[in-house]
Structure formats: structure tokens, C-alpha cells
Amino acid sequence: GAGVSQTPSNKVTEKGKYVELRCDPISGHTALYWYRQSLGQGPEFLIYFQGTGAADDSGLPNDRFFAVRPEGSVSTLKIQRTERGDSAVYLCASSSQQGGEQYFGPGTRLTVT
Amino acid sequence: GESVGLHLPTLSVQEGDNSIINCAYSNSASDYFIWYKQESGKGPQFIIDIRSNMDKRQGQRVTVLLNKTVKHLSLQIAATQPGDSAVYFCAENIGQGPGGTSYGKLTFGQGTILTVHP
Numbered sequence: 001g002a003g004v005s006q007t008p009s010n011k012v013t014e015k016g017k018y019v020e021l022r023c024d025p026i027s028g029h030t031a032l033y034w035y036r037q038s039l040g041q042g043p044e045f046l047i048y049f050q051g052t053g054a055a056d057d058s059g060l061p062n063d064r065f066f067a068v069r070p071e072g073s074v075s076t077l078k079i080q081r082t083e084r085g086d087s088a089v090y091l092c093a094s095s096s097q098q099g100g101e102q103y104f105g106p107g108t109r110l111t112v113t
Numbered sequence: 001g002e003s004v005g006l007h008l009p010t011l012s013v014q015e016g017d018n019s020i021i022n023c024a025y026s027n028s029a030s031d032y033f034i035w036y037k038q039e040s041g042k043g044p045q046f047i048i049d050i051r052s053n054m055d056k057r058q059g060q061r062v063t064v065l066l067n068k069t070v071k072h073l074s075l076q077i078a079a080t081q082p083g084d085s086a087v088y089f090c091a092e093n094i095g096q097g098p099g100g101t102s103y104g105k106l107t108f109g110q111g112t113i114l115t116v117h118p
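Taken in sequence, the protein lines are chains G and Z. Sequential numbering of the first sequence, starting at 1, is according to our numbering. Sequential numbering of the second sequence, starting at 1, is according to our numbering.
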């Protein structure tokens, strides 16, 4: 079956612009996670959804970052007033249950110029 | 190899050799550990996991060892193949959800670059 998909695969934007990154989890997976991976580093946790609600958003770096999952399936990570330091690969993962094995998508590479 | 700044530790082996990748984790309260493989341009791929009530777990060609006393985790790959070349990350589960269950907020280690020469 289909895995986790993320769109776009690459996004180049200018400093100060707004961007949205989309994640389609595996069908039926209730848990969804966003991570950010900078060059040469491991992924860093941003936010976790169980169903429609954000159960833990402690990893969001500041209030420019926001994520939603209105119907408990697709999630969108939104970044306002982008900064060059936001450049990274943004990874999404889903799991069939809380604490279960996480399946990662290919990521969206965001470049802020 | 040693890690300096943004340079990841590296391990180079010949095809057919066994590989051992090490990881030190930070939180003694972590109850779940996972090894991931990440190829260039792809997301991390699950390899094997282990819970804190175990010290060893075996999969197909892979074994994970957990030493809670020194907070150390290792991944052993038997008969390493060129297709095993990738960056390997250990991850620990920190954080408890309702009822004391772990909900999967993972903290990843730095990663090790494995290169397998034919």
C-alpha cells in the first residue's frame, strides 16, 4: 500500500514569505508526527497529533510555526515570515497507534533565500 | 571516526564483514529505542527496535544491544552488503502519554555514515 507522502518535495521561498507543507499519512494511522532535519543532523521533533488534536507541540521553535490536522488525516505545517534558518528538510511520520512504529515520508526540502 | 562539529562519525567496511554502529543516549527514563536507516533523499526507515526491559533483540541480519547501565545502544549488521550503505540513527522515546504509555516523541542521535565497499 501507499506510504506516507509529502508535498511539495522541494520548496524554495524568499525570506519573509509564508509556506505550507503537506503530509498525507498512511490510511488509518491515527498518530502523526512532524520533525525537522538540518544538514548533518538527526531529525528533531516538532509536533505530534493524535487524531485531530495536537497532543504535544513542544518542539515548535516559535510562534511562526503552526500545524493543523482538521479531519484527523492530512496535516499541514505552516510557517509564517520564513527566515533563512528555517531551511531544512521537514519530515512527517505516522503510526497506527500511539507509541507504535513510525513510518516516515520522504520529506520536504525547504530553502529560504 | 570522531565527530567534530557537523561531521558525522563514519564507518567503512568491506562487503561481507560485520558492522557495529554505536550510540550513546541521554535520558535514563527512555523506555523505547529504535534504529533507523536513512538513504540520501529519503526519510528514515525503521530497522529494529528494543524496549528497556530487554538487553538484546535480533532481526534479519541485525541485532540491537542495549546497555542501560552506561546508556549505550549498538546495532550489529551481519554480512554487510553495499545496499546497507546509508546514515544510521538511533532514536530514544521520551515522553509519556495518558496512562503512562509512550506516545512516540522521538529524540534522534547524531547519526553514523556507513559505507560498504564491494
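By construction, these hints were calculated from the structure, which means they are not laboratory data. Warning: the hint list may mix true and false statements.
As the list claims (entries may be wrong) - Incomplete in silico selection of chain Z near chain G, CB under 7 Å:
1) P44
2) F89
3) K105
C-beta: ideal position from N, C-alpha, C; glycine also.
Legend entry - Earlier hints that do not hold, by number: Violated: none.
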